[in-house]
Every structure is written in structure tokens, then in C-alpha cells.
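> From first to last, the protein sequence lines are chains A and B. Residues 1 to 467 in my numbering are what the first sequence lists, from first letter to last. Residues 1 to 177 in my numbering are what the second sequence lists, from first letter to last.
It should be emphasised that the hints constitute simulated quantities derived from the structure, not laboratory data. If you're wondering where the values come from, they're calculated on a predicted model, not measured in any experiment. All residues carry an ideal CB built from backbone N, CA and C; glycine is no exception. Just to be clear, a hint being listed does not mean it is correct.
[Stated by the list, open to error] In silico negatives: residues of chain A with every beta carbon more than 10 Å from chain B: (1) G66; (2) R139; (3) D268; (4) V395.
[To be verified] Below, computed lysine to aspartate or glutamate pairings styled on EDC-like, alpha-carbon distance capped at 20 Å: (5) K431(A) with D12(B); (6) K163(B) with D271(A); (7) K412(A) with E11(B); (8) K176(B) with D271(A); (9) K166(B) with D271(A).
[Claimed, not checked] Per the computed footprint, the stretches of chain B lying under chain A, defined by three or more beta-carbons under 8 Å from a beta-carbon of chain A, are: (10) 34-43; (11) 46-58; (12) 97-108; (13) 133-140; (14) 164-177.
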Amino acid sequence: MRSKAKVIFLGIICLLIGYIPMLGVLEGNVSAQVDLGEIIVIAPQPGVEITPEKTIIRMDEFKKPGEVRTLTDVLTEIGGIDVQRTNPLMASPGDEVSIRGLNEGRMVIEIDGRRINHTGHVGRYIVDWSTLNMDDIDRIEIIRGGHSVLHPFAIGGVINIITKKGKKTKEIKPDISFKGGYGRYGTYNGSVSINGGLYNLIGYHFSAGKGETDGYLRNNYQETYNLNGHLTFFLPHEATFNLGVKYSDVDYGFPVINDPGRPDYDPDYPDFIPGADQLRHLPPTGQLPQNNPHWEKHTTYLDGILNLPLGPGNIKLHGFLTEGRRWINMWRGNTFKKDQFVDDRTKGMICEYRDIKFHFLSRHSLTLGFEYQELGWPDKNPIIYLVKSAYLQDVIRLGDAWTLTPGVRYYKIDMDTYYSRFGAGGAIPGKKQDDSGLYPSLKVDFQATPSTALYAAVSRSYRLPCP
Amino acid sequence: MRSALFYYDIEDFINDNGIASPGTGIGSNCLYNIDHFKLYGGEIEAAVRLGERFRATAAYVYQKYDADKSGFEEDWTYYLPALLPKHKVKLLARYKVWEDGWLQFSSRYVASRKTQKGSKLEDYITVDVGFEQGFKFNGMEYTAKAFVNNITGTDYEEIAGYKMPKYLWGFQVGVKF
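Isolated chain B, as found in the complex:
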């Protein structure tokens, strides 16, 4: 397990809105200086093995920011850290079903966060599941894998304005020799 606290105290933070200003559309208008900007939080990351079959990596992050008023704020300006969640959990795990056959699992919890236009995006949990089988034949190593991402059909937005897809299925095959 690795755990850490972090604290950033930044002078003269160049804030980039990532968008051209409305109206003029002039890109240079989207950058301005913030005298004092602070970021702080904590993170925990762990790798776990339970028995011969289950292995996982799990992580939790908490992060927060404080920004001085610059006088350049408009109703369309934002801070990038404000678009990120305060709480976030990630889990990546695999379970050995039989010889060279692994069930794979990935899940993410992302807490609510702001949008560029000042509204709020809801928190969400996504789940991805896959299965991979490896086998050897004639001195060659084969793998076959199938997966479904967002298998629970969660309605969510990573970037505000449009939803992410559901039930993203796919498969992959490979050979090494």
C-alpha cells in the first residue's frame, strides 16, 4: 500500500480556460493570472493478492483547491481543478477461473464535479468486465479476450454536454511466437 498527502502552494498560477472567449472568440483572452492557488489532498493505492486466484489494485484520491480572486472572472471562466472530482475510487481486479483463464473487472467511482458553465455533473459508477483465455499450441502462445465496458448501462458524462456510451463490447485475439 502507498499512501500520501500532498499540498501545493502556487504563486502566479496561469489559468487556462481551455476555450476561446465567447463573443470575440479570441483565444488569448482565455488565459489570466491568479496570484495564489492551492491544491491539496490525499491518495491511497494498494495492490492486493488473495490466495492464488484473486489479484487487485485499488486506489482512492481526495483532492481540493483554493484560488484567489483575480478580477478576471467572467461567467464563462472556470478552473480546471474544479472540473475534477473531490473523491475518486478505482478498482482493477482479476480472478483466475481456471488455467490461463482470467475474469477481469474494472470499476470507477467519480464524485460530482463542476462544469465550465457553472452547473454540476452527477457522480457515477461504471463497471467493465472481460474474460481472457490464454493457451499454447504448436509452440505458439494464443490469447482470446472479450469484454463489455459500462456493462451496467450507467448514464454518465465525463465531459459536460454529452453522455458516454453504454455496453461497449469488443473482442481481441493475439498470437506470439
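Only chain A is shown next, with the shape it has when bound in the complex:
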């Protein structure tokens, strides 16, 4: 049954674009998809725009019954995305998000086009969903599948968060908004944002928010503070320079045992017994009620982006840093561990020359770029993964109906990880490896009618071999 399905599917792909053989390296991947039909409905659900390439959620227009405070509040409503929540009152570090069965270890979460994923060391917090507040978000773009070489390590897909960066305006008066809410289980939040510009020279957006919940499960409280700031300098020749910061401080109480068979049972909370499933490496679910097992986490996202029209295209230089610092207080067996500190840092630079259109290649639109990333544990091993990659994509228009998008990405990865002893003891550091390879992609679009588009894509992808 399985092999039959595969043959039929690849047959369809072959008709359109041919088959690229898989050459797996560490975690090689071939994905393919065939669009059966595309009808872009005019004036669909406000705030949700569905296009052949992506689903776009515009935050000022997006509405749902309930709070829209964090990224997972939005993703729960979007087709093709699985969100498994520890606590539906507020996004928590234990939440798991997947596209097509692949979680954030195999998809890319981006802020303004740059990857925010960590290494995942000591807990697989590759992305901590509790830190991604929506106060400064203009829109979210969701690409399903890994066929775009413009996004590194995208196998399941891409979730790109585009921030508000202020306005180019002579109007001195900014837009100001306040929001506040209250709900069951002592859940409340409040936020303020200001969006404006000065003399057509500077745009700005600042926001601050606070949220709190007593939690549904015992001790599963949360207190969150957010600060966001974005400055845009409007330079000559349509160039812009943007500086951005997102900061969150999350105090999160781990759910504790609430077993009717124990003398410390609290009937005001639901039963919670050891052995509940745990999708992330949070402390084990057998946390005792005493001593308030919890963590405090500070996360900072910093970005500097220069956009500069140059010659036949546009230059983009993007420097970035994501830093997480967490202090964990938890039971391990009968011992309570206090203030165990773990930090992680991802930093890098993207240099991209995009949408290059030459007169003598009028059907082509080229994008090429180079990306450098360091992912590490500043306290112990600042560079666990060193990623260098370069990419090239061409969008070729063939008449009014056909578009070809070939692309290729080259990765060079240096790793400084550890040897697992598979139950015989703790991991031993010092395992040094490197890896490299070319990862091609091809997409074919066919505009069958003004309202119907078909596309097929096949790609080979690489996944950073971290948890």
C-alpha cells in the first residue's frame, strides 16, 4: 500500500518536473507537493490571506474568539499546523508546534526573515513559544514545505514573523493603542503600543505588555513581561536602516503532582499524576508541590537590517542575535535543585542581493545570498554549531502562465557536540565533526486560469543535527 502511494505520487511529479534523486547526508530530505488547485477568493476572512505561496495573517485585522497574545494563539487557528499546548490560558515553554508532522527542529521560525531557532541543548528549547508576544507584529507568513532555498533548514515549513517598524510620515502624532483583558483562572493582560514617525526621517514602534495567569493545573502559573522597540531610519536613495529588539521575561511554574492518593492533594485543581506525557525536556512531570518548582527565563531578540537598492537589485544586510537565559528550580528525585542556570545564544549575519533584474535577462529575477550563524551555549561552549551557507535562486517567467523557480543552497557545518553513552553514563563533550553539501530545489507554477494556479515542487533539504 505504501509503495503504491509513493509510485503514484512520484509519477505525478515526474510528469511535471522530473525526479531529483535523494542523497541524504545526516538528515537529507526530499519533499514534493502538487497543488490540486488554487482559487484566490476575493475579500476572504479579514486578516487571513491565502496565496499559492503562503498563508499571511495580518495581526491588526486577525480576529478569533479569545486572546491573541502570542504566536501560538494565532497558529492554533491556522490549517496544517498542530499546536499541542500544556496550558491553553497562555503560551508556555512546554508547547509543541508542528507543520506536516515536523516540529521546530525541522522547520524554521523567523523574525523579519532570520532564523531564531536555538541549538536545543539542555531541554530542546529550540524555540520557546512563550517568548513570542504579538505586541509588535505586523503579520505572520506561513510557508508549508521546504522548497524555498531562501530559508535555511526549512523542511516542514517556515513561520516568518514580520515586525512593525514605524512609519515614514511628516505627521508628528503617533498611533497609540491600549489593550487589556481578564479571564478565568486569574488570567489577565495589558499592553500599550505607539507607532509613528518623525519628519520622514525616522519611523518608530514601541510596545510593552504584561500578562499573568494562576494557571489551570496546580502551580502552573505564569507571569510575563514584554518590551519591544523598533527604529527605522529612512536614508537617501530609498535605503532604510532598521534596529529592533524584542525582550521577554517569563516566570513559569511547572505543573506539580496533584494526586488524590497523596496527603498534599488540593481539590481546587485537576488531578495531575506523574507519568503525563511530556513533549519537551521540561523537568520530569513528577514535580512535587513544595518549594515552587519553576523557571525564570529572559529572552532577547536583536536585529539590525540595512536595505539598499543597488544597481539592478536590492542589497539586504541583516545582523541578528537571539539570547536566552534561564534559571531552573526543580525537583530531581528527592532533591530540590535551585537556580540552575542555562543560557543559549544564536547570532549571525545574512548578506543578500535580491530581485536582481538584468535588461538582457528580462524574464529572470535572481536572488543570491550568504548566511553565517553561530549557535551555542555561552556559559560552556559558545559555538556548538557553526553554519555557513550560500544560496542562489532564480525566478523565471515563461510567458503569462508558467514560472520556474530553481534554486540551490550550499551548507558547510562545523559541529562541536558530544558522545552519547546510551544509558551507560552522561554525555562526553568534544565530538567534532563537519559536514557540507548542495541542496537543490525546483518549483514550477502554472497559472491555469486567472483564479486557478497549480504548482509542483521538489527539493532536497538539510536539517541541523541538533535535537
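Chain A is already provided as a structure; the job is to place chain B on it using the hints.
What follows is chain B alone, placed relative to chain A:
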């Protein structure tokens, strides 16, 4: 409407159980390699407008996986895709009751799926309902919103081991100027 079929053929799939191994509690023991892993399925997503008052987004997803045996399986190991439903439907809709007054509706159907310990979670349907009213006064834009999530009181688990809450009510107010 957007519809797609997808097929992933993955070599050397690093499986992460998301939990430390029982007994030793050693985290590194929860990762192992699967030689060959396949994921496939289809998805349909549509945005609909019926008249001036009703607007909706609906989505259906089917997904399935096949994994080679690795020899590392224990009775506590699992695959993440196994914890996800084969079938899933989401509906997000709003109905304009009167000027700037919108009734909001969200519903999800999640089919049965496995748990880490090998048992099965039942399928479920949840319904969330809200109402939002916007109005302008003195050049300022106000919004007021009230909602109840899981209004049908469905007993369900997103993660195995504990139930999700019922009748999650709340309200929100906002002003822009």
C-alpha cells in the same frame, strides 16, 4: 482555496523522544537514528465569504508516517508524528450581526492519536465563541470583546495525562487614537 499533497522521504531521521530515559534519567539516551522515515498527506485550506455578513477560513489536513525499525525502540520510546492526528479540521468564522458587531466562532476537530506510553487519546471537537463590538467616540476607536472557549464543555486532552479546561471565559477592551 489552496490544496496540496506532500511527501517527505527522510534519510537518517534523528528521533527525539522529548523525554529522558526512565531509570537513568540520562537525556542523551532519548535520541537515536532512524535510517528511513516517510511522511505524507494532503491539506486543503479555503477562505470563504458568503454575502456581506459571513466570512470563514476552513482547513482539513490528513497526515501519516512510516518509520523503519531502528533497533533502539523501548517501551517508552515514541515518534513525535505518532502523537499527531491523522485527520484534523479547523474552522474560523465570523458573522456580522450589526455595524461593527461581529460574532466569532472557532472550532477544531482532532482525530485520535497515540500517546508516549503507547495508549490512545480519543478524538475531540472543541468550540469557541466570542462577540466583538467596535465603536468610535470623540475620534477614538474602541473595541470590547467577550468570549468563551470550549463552550460545549468537551472533555479532551491535547497532551496525554491531564484534561484541558472547560468554559474558559474572558473579556478584552481596547482603544486606539
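> Below or equal to 20 Å on CA atoms is what counts here, so check K166(B) against D271(A).
Holds, at roughly 15 Å.
> Would you check chain A against the region 164-177 of chain B, counting CB to CB pairs closer than 8 Å, and say if three or more residues qualify?
The restraint on the region 164-177 of chain B holds, since 13 of its residues have a Cβ under 8 Å from chain A and three suffice.
> For the pair supplied as a hint, K412(A) and E11(B), confirm whether the alpha-carbon distance does not exceed 20 Å.
Cα-Cα ~19 Å, so holds.
> According to the definition I'm using, a residue is off the interface if its beta carbon is farther than 10 Å from all beta carbons of the partner; does R139(A) meet that for chain B?
holds, 15 Å
> Measuring Cβ to Cβ, find out whether V395(A) lies farther than 10 Å from everything in chain B.
holds, 20 Å
> Would the pair K176(B) and D271(A) pass a check requiring their Cα atoms to be no farther apart than 20 Å?
violated, 42 Å
> Measure nothing beyond the straight line between the CA atoms of K163(B) and D271(A); if it is 20 Å or shorter, mark the hint as holding.
holds, 9 Å
> Can we confirm that no CB of chain B comes within 10 Å of the CB of D268(A)?
It holds; D268(A) is separated from chain B by about 13 Å at its closest Cβ, greater than 10 Å.
> Just to make sure I understand the rule, a stretch counts as covered if three or more of its residues have a C-beta closer than 8 Å to a C-beta of the chain. Does the region 46-58 of chain B meet that for chain A?
holds (count 8)
> Run the distance test for K431(A) versus D12(B): straight-line Cα separation, threshold 20 Å.
holds, 18 Å
> Per the stated criterion, does the least C-beta distance between G66(A) and chain B lie above 10 Å, as a non-interface residue requires?
violated, 5 Å
> Counting residues of the region 133-140 of chain B whose CB is closer than 8 Å to a CB in chain A, do you get three or more?
violated (count 0)
The structure is inconsistent with the numbered hints 1, 8, 13, although it conforms to all the rest.
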